[in-house]
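Turn these sequences into a full structure, and let the hints guide you.
Protein chains in written order, with the numbering used here: chain A, 173 to 616; chain B, 173 to 616; chain C, 173 to 616; chain D, 173 to 616.
Be careful, since some hints might not be right.
Copies of one chain are not kept apart here, so a pair can be met inside one copy or by any two copies together.
To be verified - Simulated crosslink set (DMTMM-like; lysine to aspartate or glutamate; CA at most 25 Å straight-line):
1) Lys-446 to Glu-282
2) Lys-504 to Glu-306
3) Lys-446 to Glu-222
4) Lys-350 to Asp-386
5) Lys-473 to Asp-484
6) Lys-433 to Glu-282
7) Lys-350 to Asp-263
8) Lys-480 to Glu-185
9) Lys-525 to Asp-575
10) Lys-525 to Asp-340
11) Lys-350 to Asp-451
12) Lys-473 to Asp-249
13) Lys-473 to Asp-496
14) Lys-350 to Asp-373
15) Lys-350 to Asp-340
16) Lys-433 to Glu-234
17) Lys-460 to Asp-249
If you're looking for bench data, these hints aren't it; they were derived computationally from the structure.
Note that the structure is a prediction, hence the values are computed from the model and not measured.
Now for the letters of each chain:
4 protein chains.
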Amino acid sequence: MLKASRLLRFMSERVERARRRPARVRRLITLLRALLSQRGEVSGARLAAEALLAYESLEPGEVDALFDSLAADFSPDPAEVRRASDAYSRDASPQNLRRLQRVVEPERQELFRRLNLAPGGTAKIVALRQRVLEGLAEHPGWTALDADLLHLLSSWFNRGFLVLRRIDWRTSASILEKLIQYEAVHAIHSWRDLRRRLQADRRCYAFFHPALPDEPVIFVEVALTRGMSATVQPLLDHESPVGDPLAANCAIFYSITNCQKGLRGVSFGSFLLKIVVEDLGRELPRIKTFATLSPIPTFRKWLADIAKTSPDIGALTSVLAEIDASGTALHKTPAKVRVELTQLCAYYFLHAKSDNQPLDPVARFHLNNGASLERLNWASDVSSTGISRSAGLTVNYVYRLSDVENNHERYARDYRVIASGTIKRLARHCSLSAGNERVVVDSL
Amino acid sequence: MLKASRLLRFMSERVERARRRPARVRRLITLLRALLSQRGEVSGARLAAEALLAYESLEPGEVDALFDSLAADFSPDPAEVRRASDAYSRDASPQNLRRLQRVVEPERQELFRRLNLAPGGTAKIVALRQRVLEGLAEHPGWTALDADLLHLLSSWFNRGFLVLRRIDWRTSASILEKLIQYEAVHAIHSWRDLRRRLQADRRCYAFFHPALPDEPVIFVEVALTRGMSATVQPLLDHESPVGDPLAANCAIFYSITNCQKGLRGVSFGSFLLKIVVEDLGRELPRIKTFATLSPIPTFRKWLADIAKTSPDIGALTSVLAEIDASGTALHKTPAKVRVELTQLCAYYFLHAKSDNQPLDPVARFHLNNGASLERLNWASDVSSTGISRSAGLTVNYVYRLSDVENNHERYARDYRVIASGTIKRLARHCSLSAGNERVVVDSL
Amino acid sequence: MLKASRLLRFMSERVERARRRPARVRRLITLLRALLSQRGEVSGARLAAEALLAYESLEPGEVDALFDSLAADFSPDPAEVRRASDAYSRDASPQNLRRLQRVVEPERQELFRRLNLAPGGTAKIVALRQRVLEGLAEHPGWTALDADLLHLLSSWFNRGFLVLRRIDWRTSASILEKLIQYEAVHAIHSWRDLRRRLQADRRCYAFFHPALPDEPVIFVEVALTRGMSATVQPLLDHESPVGDPLAANCAIFYSITNCQKGLRGVSFGSFLLKIVVEDLGRELPRIKTFATLSPIPTFRKWLADIAKTSPDIGALTSVLAEIDASGTALHKTPAKVRVELTQLCAYYFLHAKSDNQPLDPVARFHLNNGASLERLNWASDVSSTGISRSAGLTVNYVYRLSDVENNHERYARDYRVIASGTIKRLARHCSLSAGNERVVVDSL
Amino acid sequence: MLKASRLLRFMSERVERARRRPARVRRLITLLRALLSQRGEVSGARLAAEALLAYESLEPGEVDALFDSLAADFSPDPAEVRRASDAYSRDASPQNLRRLQRVVEPERQELFRRLNLAPGGTAKIVALRQRVLEGLAEHPGWTALDADLLHLLSSWFNRGFLVLRRIDWRTSASILEKLIQYEAVHAIHSWRDLRRRLQADRRCYAFFHPALPDEPVIFVEVALTRGMSATVQPLLDHESPVGDPLAANCAIFYSITNCQKGLRGVSFGSFLLKIVVEDLGRELPRIKTFATLSPIPTFRKWLADIAKTSPDIGALTSVLAEIDASGTALHKTPAKVRVELTQLCAYYFLHAKSDNQPLDPVARFHLNNGASLERLNWASDVSSTGISRSAGLTVNYVYRLSDVENNHERYARDYRVIASGTIKRLARHCSLSAGNERVVVDSL
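Next comes the structure, spelled out in structure tokens:
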């Protein structure tokens, strides 16, 4: 009795929701139902194209209504799940397991699989997930919808299907334009800027998916240098002289950008770095060091937090505030400040945690990939972003092929941070460290 | 208490199975476990390549042991499923649903996703499923393993990812060689045979998947003719004169072949036909009729079955036995025999059923795609296969674009067989029909 | 006796020239001689690459010395030509003709053919000719060298070898960059500018030669419009709305640019226009009018010349001088001035001649291609170039496929200028015309 | 007076020839004249396509008439050449030289340049020259026509324009079919045969010209072996096991074929060999020996010639006649015969001459490329061609990169034949040698 009444409630809620929906959304849902039905099997491509066109012409409010419906109505039927789950509870047979597997899969999954038949379907589904993600905070009910999209896109964007392409000046303008648009670490200001980043002593690689031929999924920019770069701006300067790639002994990964917001949660970065390191190693065997020149995005934020309780650091942050005001006067900072900040930064890497992992998101990415913390660079990124987030500091993570797997496992097991002796020493000498030893470190 | 003892039994069985496994299989399973672990995240491509290499070097018996293990040990943990299922039974919350979804997904799925990182991984996974399918009858325990592979491959081989390519004489020899090898309907005996099938009045189209660049997934062969072909051999004859495609008014789909046995259960045929019909319609607007010239693979078998109880038909089958013995003397068959067999064949299409659907597998495929039964052709395929399976008859299914969707829905709803008036009339006049009217039909 | 002394003089001059040559040029010439010798046959590619490298590192003065030598020393030997020519004069046999043909061909020809073996050789030879052309005025002695290069490049760049490619936003940046750099009619100021010229209602086509894969040889820019454009700036405005190409009835060729200065004298323009007209006609059958919107580059110059003797026109030119000073105030020009200038322009087209052909170089190009003069457009190109050369006027040449061949022949026979009735009437009413009828023409 | 009458005779002969020509040829010549005229400039592509179509539909006799006309009427006007030649004889000015150059160039040249505008024009002109060559012996009057075509095609098929492509099993069937068809050294009997020649331990490279995308110009087949092959059949056997290319230390060029008969006289072979040697050297650095395994095509013929006067050799040739009769019994030949024949063969290479060059055409080709004669191989090619032309012997020519240029020059200077010590010794011991030393040479 209870069950029947619950089912009734479930049905009547669904009917009520449908009644309140805008007419265009109702029509689109009818189309989606047709796509899921027998008709979808024979007229799938046409129905899918129609449905995506209808979706793209919805007003924002209508999109919300559609997503509400996708999240609520294309879900597993709780009663059916209950029955299958009860059956399995009674008898854990393979048949009951398969039935359970079948009923817990939301109809949405099949819906999106069929939408993919439309020309350009994959790109549109990725874009749809981006809108889901953007509204997720406001619409927690979409979580299940998002989870299904992530599950589907993880399967479709399996790294085994990605194709590595080198990007250079012979690449199509429509792809290059996207690099300009997507670059998330060091903005590309003009085509001249971009061109410098594609010359003989630079490399750019991207992953592409066969279903998105003109859309990079992720790209990385590399500078081929003599010695491990300690400063960012010379790498970006479009007037810097072009070096000889054959003379380089170091590959600096100075920027890595995920392009498709709709693919958040599907990770490509480590795989891309790994492949590029192998490729470059083959092409240019003189290159022995593969390192990043990375921002430290939450250092200043962390500094501000601890400054609230520590007067010494409070003094430092006011120095930084002056620097913010006066522009890029970082080179004139007194040695004492320089040393203290660098020590604090080392301390931040080794000791500032969130859920046992390093607080710094870039550190989490590279350490989990098996890199180690190699060197801190003072006055290294004097762009306004560089100063306001990282106090102008950058860090080199180094990828040593022989250590990568080992490092990764130690990090994966207990979040062990592998760092160079210098960085460890700097952290020990930091005013926040227990022993409180304070020594001017010259080796910076 | 019970639960603990059951878990214990589950564990000890697993240990016992592992003990009995050959050493090489054990080593490979260790590798697969590593691939699934943290290490797999950073060294996935290498581990996947190693694992697939190890798999390919196993002896047949070892492969069986491996599949046993994949089917048994990489499955969901029944105890965990039970717990999640119990929790959901108590409280059908979204959280409990997601947990249930997570625990019912076998580890195998993730394992195959990671194996896909190896170069050529997708092709190897498809080949692996083919071996699973080949052993399934003997090893019913592999059913779950097969189901998971099918689920995964259905997602990866979503029709939206397939690429249509026209195959002609400029296509790579390595692909053409595969057509020769795979052709399942009308064998291609030589390169000269193949070449005739690729000339101006023929078309060949195939679907390719980006991860299998040199392997067709499915292909269809088309003859461009004046009038709807009633006989097969002239279409295949490599010495037949080449017609002018611009003068053709009819496209005959005389062969369609699924190439990848490992993709059984993922259907591409209807989608391919649909796209090819659209493509040809655009390229050659004079073509108004899109039809097949299809075998009737189970007609003789059905005939033999009913002959056991019907003396009239018994007489017919002895005529057929004579034909089998004397070779292709079909043209000399007395008119009476010809008429009776054709009527029986029409009857077979309209009334011989299995689970409410037509007995004939080719009919099921085309009728479900929305085609209609148009015409029966006497002495149409006089190859030994043609005679032994279809009594030399063939059938034209016609695809009328305006009717396809409607036909499909009627078939999908209640397996309604759409047939031409002639075919219906033939069936009515068949000796097996109730009214038992017997008229010589001249319009054949 | 005479002959011997002449040969002696010829030889001693050659030796003297060689003596005065810079060392690096002497070494390069030795290399070129080796390339021409037996060694060149077996080591041609290496020698050619070396020679071109050596050439590219010469100082300007050394290049002059090299060209002097190529012009003087790699020429036919006059004595030998004389002998062959004498022999032929005595006996016009085929043998004597062939010998004559052989000896009149300068060694340079073979030299350049062998230089072409170097990687990138063709591009370098085209560049070399550009330098020859640039120095020709100052070094009349290089005329023969230039003639040989032109002969060779005409053969190699036979239009039958050129490949038409559509240029759009998916084209490689390195090619697009060259359009920006080469555009000779309406400068492209930025990538944004360029992008507008490649959108749906624009077309850009270029000819490429297989030996210069990244270098356009010539390109044309087309706007697809409703109605024949009368003004230039809206076509160039990068903020103009993008029209629907399927709604266009007119294709305006608003810019055509020869890219390779080293190919001067090898003509591609007519062939390109012809092919593009055919291509567009096939792709967009609604387009009925193929017209240019062309500058009138020497109109102001001609005006200034005749103003010297004609006071009326002198008054006009002072009006123009005011316009020059005040910027683009062309719209405010009194109607009388407008009419007079337009009449003068029509007169200019029909009556201003040089060697019986129209004075205007663009008119010569299009009329010779079979186009006709259709319409003059007032205040049509208000760029500073447009005003200073063409008084802001432009002209539409129309290509009517049915008339092109006929028009061309009439032009080719006696330089007949085919013009519309309006243009003829305007010219008749011009103050310079005999009858001197002056009527305000409203139909402008 | 004389001149006028000669011109008159020239004109009237031309008119008479025209009168006797078949109507279709007359019409075609009218078309060709139009193509050469002003009209050709604006309607070239259309006229050229029409003309080539008309040419292709001529009957053999009509083709002869056309070629007669091309050879006779599209030639330089003797009177004009005489005038220009007289003028130059009087005054060897650059102007007079240029005029002379202009008038000695036959109109045919320009005609063929314009025919090249037709789609597929280049291929058709190459085919046309093939027909000219085939009829040359019978029509000596076509010599000038042929010379012009050779001149033109030499310019167009400059080696700098050729593109090297590796041919393998992924190459288009239409190209592979041409290899089967063209192979001139060791016939390819089937696709299976061909496939073996494209496997991992074989290489095939071809030159292509951009205007003939599906037609190889020349190709070479290479076997990668351990040790320098001494016998042909194992290389050709399609059942031979496939070796590991990385283990090979030797590249055997066992077949090189010019594909386009219409390009006779334009040489590509040395350039192809040179590039392939460099390519292979880069790809497989273990390969140290680049050698051919070549037939000795005129050895038996030479042997038969000298046998007429030398009784000893007469005895040998009757042994050979027996071998011819008995099939491939070469292995059973008495050692004495084996030694004598090998010595004679060495003698043949070093002493049998025609115009100071080796009699053997293959030797002329490789020696001129800078190869040296390395080794003779007994019972090496036991095919019927191998025995009937080369007595079953083959020869290895070796390309040593360090010696190639030097060898070539010595050969080019005075036809010096560079041979190994063994070959020289064999020749010295030959019965035909002066000293007449006869020793059994074991080192064979």
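Checking each numbered hint in turn, tell me which of them this model violates, lowest number first. Violated hints: 2, 7, 8, 10, 12 and 17; rest satisfied.
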